[in-house]
Amino acid sequence: MTVTTDPAAPTSALSEKVETAATRTDGELLQLVSFKVGSEEFAIPILAVQEINRMMQITKVPKSPAFIEGVINLRGRIVPVMDLRKRFRLPAQESTNDSRIIVVEVGRRVIGFTVDRVNEVLRIDAGIVEPPPSMVCSAESDYVQGVGKLEDRLLILLSLERLFGDQELEQIDEVSREAA
Amino acid sequence: MSLDGINPELRQDFLTESSELLEQLDSDLVALETAAEGEQADRLNSVFRALHTIKGAASFLGIDPLIRFAHAAEDALNLLRRDRTHFTAEVMDALLQSVDVLRGQLDAMGQGEWPPEGPGALIETLKTIANGQPLAARLSKLQPADGAPGPDCDDAGLTAEDGDAVVPVAVPGDGAQAEPEVEDEAQAPSNGVTESYAPSEPLELPPQKLDLIEFMVADLHEQISGIHQALTEVAGHATRHEAGAALAETAADLHKTLSFFELDGLAALAEAVRNAGEKLPDIECEQVAGLVIRIEAVSWLIERQAEALSERRRLDWPLRTLQQRIETIAAGEQLDGAVAGVADVPMVLRVDGVLGEVASLPAEASQPSQAAQSAEAVEPEDGPYSPSDAVAGVIGGAGGGDAASTASPGAAGGGGPAAGTGNGGGAGGGGVEATIRVEVARLESLLNLVGQMVLAKNQLMAIGRRVAEQPVPQDLTETLAAANSDLDRLTGELQVNVMRARMQPLSKLFDRYPRVIRDLARSTEKKIRLDIEGKQTEVDKSVLELLADPLIHILRNSADHGIEGPAERRDAGKAEAGHIRLVAEHQGSHVRIAIEDDGRGINREVIAAKAVEKGLASADVVSQMSDEDVYRFIFAPGFSTAAQVSDLSGRGVGMDVVNSNVAKMNGQINIASRQGKGTTIEILIPLTVAIMPAMMVRIGAHMYAIPLQSIVEIVRPEDTIRGKVQGKPVMRLRDSVLPLVNMRAVLDEEGEGEGRFAVVVGVGGQRAGLAVDRLIGQQEVVIKPLDDADTQGGPFSGATIREDGDVSLILDIVQLIRTTQTESSASGTGPAAAA
Numbered sequence: 246m247t248v249t250t251d252p253a254a255p256t257s258a259l260s261e262k263v264e265t266a267a268t269r270t271d272g273e274l275l276q277l278v279s280f281k282v283g284s285e286e287f288a289i290p291i292l293a294v295q296e297i298n299r300m301m302q303i304t305k306v307p308k309s310p311a312f313i314e315g316v317i318n319l320r321g322r323i324v325p326v327m328d329l330r331k332r333f334r335l336p337a338q339e340s341t342n343d344s345r346i347i348v349v350e351v352g353r354r355v356i357g358f359t360v361d362r363v364n365e366v367l368r369i370d371a372g373i374v375e376p377p378p379s380m381v382c383s384a385e386s387d388y389v390q391g392v393g394k395l396e397d398r399l400l401i402l403l404s405l406e407r408l409f410g411d412q413e414l415e416q417i418d419e420v421s422r423e424a425a
Numbered sequence: 002m003s004l005d006g007i008n009p010e011l012r013q014d015f016l017t018e019s020s021e022l023l024e025q026l027d028s029d030l031v032a033l034e035t036a037a038e039g040e041q042a043d044r045l046n047s048v049f050r051a052l053h054t055i056k057g058a059a060s061f062l063g064i065d066p067l068i069r070f071a072h073a074a075e076d077a078l079n080l081l082r083r084d085r086t087h088f089t090a091e092v093m094d095a096l097l098q099s100v101d102v103l104r105g106q107l108d109a110m111g112q113g114e115w116p117p118e119g120p121g122a123l124i125e126t127l128k129t130i131a132n133g134q135p136l137a138a139r140l141s142k143l144q145p146a147d148g149a150p151g152p153d154c155d156d157a158g159l160t161a162e163d164g165d166a167v168v169p170v171a172v173p174g175d176g177a178q179a180e181p182e183v184e185d186e187a188q189a190p191s192n193g194v195t196e197s198y199a200p201s202e203p204l205e206l207p208p209q210k211l212d213l214i215e216f217m218v219a220d221l222h223e224q225i226s227g228i229h230q231a232l233t234e235v236a237g238h239a240t241r242h243e244a245g246a247a248l249a250e251t252a253a254d255l256h257k258t259l260s261f262f263e264l265d266g267l268a269a270l271a272e273a274v275r276n277a278g279e280k281l282p283d284i285e286c287e288q289v290a291g292l293v294i295r296i297e298a299v300s301w302l303i304e305r306q307a308e309a310l311s312e313r314r315r316l317d318w319p320l321r322t323l324q325q326r327i328e329t330i331a332a333g334e335q336l337d338g339a340v341a342g343v344a345d346v347p348m349v350l351r352v353d354g355v356l357g358e359v360a361s362l363p364a365e366a367s368q369p370s371q372a373a374q375s376a377e378a379v380e381p382e383d384g385p386y387s388p389s390d391a392v393a394g395v396i397g398g399a400g401g402g403d404a405a406s407t408a409s410p411g412a413a414g415g416g417g418p419a420a421g422t423g424n425g426g427g428a429g430g431g432g433v434e435a436t437i438r439v440e441v442a443r444l445e446s447l448l449n450l451v452g453q454m455v456l457a458k459n460q461l462m463a464i465g466r467r468v469a470e471q472p473v474p475q476d477l478t479e480t481l482a483a484a485n486s487d488l489d490r491l492t493g494e495l496q497v498n499v500m501r502a503r504m505q506p507l508s509k510l511f512d513r514y515p516r517v518i519r520d521l522a523r524s525t526e527k528k529i530r531l532d533i534e535g536k537q538t539e540v541d542k543s544v545l546e547l548l549a550d551p552l553i554h555i556l557r558n559s560a561d562h563g564i565e566g567p568a569e570r571r572d573a574g575k576a577e578a579g580h581i582r583l584v585a586e587h588q589g590s591h592v593r594i595a596i597e598d599d600g601r602g603i604n605r606e607v608i609a610a611k612a613v614e615k616g617l618a619s620a621d622v623v624s625q626m627s628d629e630d631v632y633r634f635i636f637a638p639g640f641s642t643a644a645q646v647s648d649l650s651g652r653g654v655g656m657d658v659v660n661s662n663v664a665k666m667n668g669q670i671n672i673a674s675r676q677g678k679g680t681t682i683e684i685l686i687p688l689t690v691a692i693m694p695a696m697m698v699r700i701g702a703h704m705y706a707i708p709l710q711s712i713v714e715i716v717r718p719e720d721t722i723r724g725k726v727q728g729k730p731v732m733r734l735r736d737s738v739l740p741l742v743n744m745r746a747v748l749d750e751e752g753e754g755e756g757r758f759a760v761v762v763g764v765g766g767q768r769a770g771l772a773v774d775r776l777i778g779q780q781e782v783v784i785k786p787l788d789d790a791d792t793q794g795g796p797f798s799g800a801t802i803r804e805d806g807d808v809s810l811i812l813d814i815v816q817l818i819r820t821t822q823t824e825s826s827a828s829g830t831g832p833a834a835a836a
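One line per chain: the protein sequences are A and B, in this order.
If you read the first sequence in the working numbering, its first letter stands for residue 246, the second for the next number, and so on.
If you read the second sequence in the working numbering, its first letter stands for residue 2, the second for the next number, and so on.
Derived from the structure by calculation, the hints contain no laboratory data.
One or more hints might be untrue.
[Stated by the list, open to error] In silico lysine-lysine, BS3-like type, Cα no more than 27 Å apart, as pairs:
1. A/LYS305 x B/LYS458
2. B/LYS611 x B/LYS678
3. B/LYS257 x B/LYS280
4. A/LYS308 x B/LYS725
5. B/LYS729 x A/LYS308
With the hints as constraints, model all of the structure from the sequences given.
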């Protein structure tokens, strides 16, 4: 089992070493950003991440879905921000010094979401990612793409497409939740 | 053959320009059909000119199929110009089809393919027309509404175009022939049609020379631009010597080319210019302007002749005075004061007697002293010359039309009075371009930058205000305030100008519709009159694009479903010809576009039944709906009540585009209809899309922006009397009672009761009060789209970034007013009982 964990800002020498180690493994290498929401640790592909910001003023947008916290000014662009705690139906919590807004690009959509803290950038072998246990496979958690087993912890890989991308699916999501 | 040999840039220019010309052709042709006799000549000229320009450009690029086909169409048109009795609906059909063929050829080129040959049958038809033979009547019962013009209408300027006709107006003095139709020219700024400027005669040259005409004309144009280049250099004094040499050299080339064509008068002029060029360094500064303007006049004349050459015609101007005056200046002598001071080309042409005057101008010599100095050079015309002379302005309009006719199709043919009276036209008389083409992307990025600049300026202003409150030296705050206010003003002007650069007249769309309606009327055997008003109304480019599809669908719908057949209309006691009115106008911060027809109206029952059948709503719900809400079903996707699907409408696609596009522009649609009387569909769209002034207000804990243009007035708390009517909050404003919107409730903001201030807003005659907590102040806001699916749905037309960098939402007034109305109809029963 190959798990390489980079510090957030790897020196070039180190990253080279990691590269060589990576090429020697059989499977595909996933580059991820991991972050914490509630007690769980989640991860998304680093390539989808546009930037990670400290908390900033979020303007609420009345009449928008509850999990939309509002919009922010991202250097002149208006970007919606989703509250992942609300999306994951976790109890609300005041933002802290560790809170971050991760801005991702999914298809043609640019959207931000709030997380409790950003942990690290890491590379894992795709082989260690397992599909989500079927029990968790409900309409509510279909944005879980897989679970990565690290040495000491579990990493929930999120599917950004399912979380933010296909808006129609999302609406269906919403409707079913409302019905429930 | 392939397009590979053609410079892609040239090809692109050709395609853009030709497509625009085709649009113009299309609309002119349709207008021609119904035009009054007096206007037909102008329309014909405009049509001919456009076609001719396309052909000319095509031959420059060597695109043979296009040239051949355009040539056939041109021949047909040429006959019509001479003899308008041949106008029939069938001929018009053929001509309109020709436009389509040309468009197809251009489209092919746009895709990088060699254009196909024009269809043989159509070419045959065109030839038949050109030979003056009648076409077999296909649908002979459908004549143009105004009837074919009589055979004896030779009153509208066509005489001057016919080579055989002699212009009978003589001018005293140097035997110049008069410009007989000066007024008419003003109606149609001329580009290719040269005959009206001067009497012309067929060009007689040996065949081997005729074959070379195209090349030589190209040479001429090149040399003229050389002259322009040299003249620009003359303006900068430093290079007078070299500029003079360059001028002389180019003029020598011109002389050769003109001699080749045996155009002796112009050749002699070129020779005079060459001579003047050599003498240029010796000429006194005061005289240079007079010389330059005359050389520009010469180049203008040569350009006209070059255009006429393509039609194998020679123009005959009296050029002697002009030539003499150029020689006078070159010889270092002074021109008489008034003559020397002439500042633009049209005036030169008049003063120097090239474009003769109408005899009625009295030679009363009101300024005799000025005429004394160089008596032999001054013609009798000079005396009564005055700078404010209307005719000079008219000719100026004609000359300036060069640039206008290629740049904006609307201006050339239909611009009539505007082009004629515009004294700015004189500036373009020398052939200098008045417009340039700019890539849309550049405008977009410019606008984007200006938007960001406005934001930065706002932040700077905010800092300035904060600094003023700090204990800093006063002169510092004053300097900052002054700099800030300059910046404010400049950004404002910059912004307005950039916005204006993006504005385009609705005529770009509207000019296509006569053709659409005409074809539709012919294929459905109806009679339809389309009136268009306000097509000069300007809207932002993006708005224009989004309007294109909705309007065409509504119009088709009106023509196809709304307007009845002639027989049915007769039975209903209506005029046989149906009437569709397309109106555009500004209305506050909105542009209102209305399509009114006097057809059969929308049948509520039919729509309601169909809506229920399609499962769009239950029968109960539908029966409760207002008429307008029922009508709105016609915009539902896939909704069609047409029993028969025609090739025009009835498939149910199309009308839903109306809804979605208008929504994209934050617009609104209203429908009014009366059974048997007609239908009016009204579209309200915001005028601008990017930057606007707004009033910032506080509602609950947040700040929102209200577009200033929608605000009628703001009422202080102590001045408002509020109450409830039928359970719904209202406010009294002097003599009227307006619905009052509790904005805190609408926006789910916290806080008890209603806001203290009432902002009275109005859109299209409907008004409402918005209760807000505090007024912050006025601010320029840059509208940012709020287009993410998850942030839509609220009454917002967008978002903006405030001075402090945070985001505020912009209230959508149209939507808010609309909700007060639906609420009032819905709440009419419930809360009223409770109250």
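Quick rundown of the hints versus the structure:
1. A/LYS305 x B/LYS458: Cα-Cα ~25 Å, so holds.
2. B/LYS611 x B/LYS678: Holds, at roughly 22 Å.
3. B/LYS257 x B/LYS280: The hint holds at about 20 Å.
4. A/LYS308 x B/LYS725: holds (26 Å)
5. B/LYS729 x A/LYS308: holds (21 Å)
Checked against the numbered hints listed earlier, the structure breaks none of them; every hint is satisfied.
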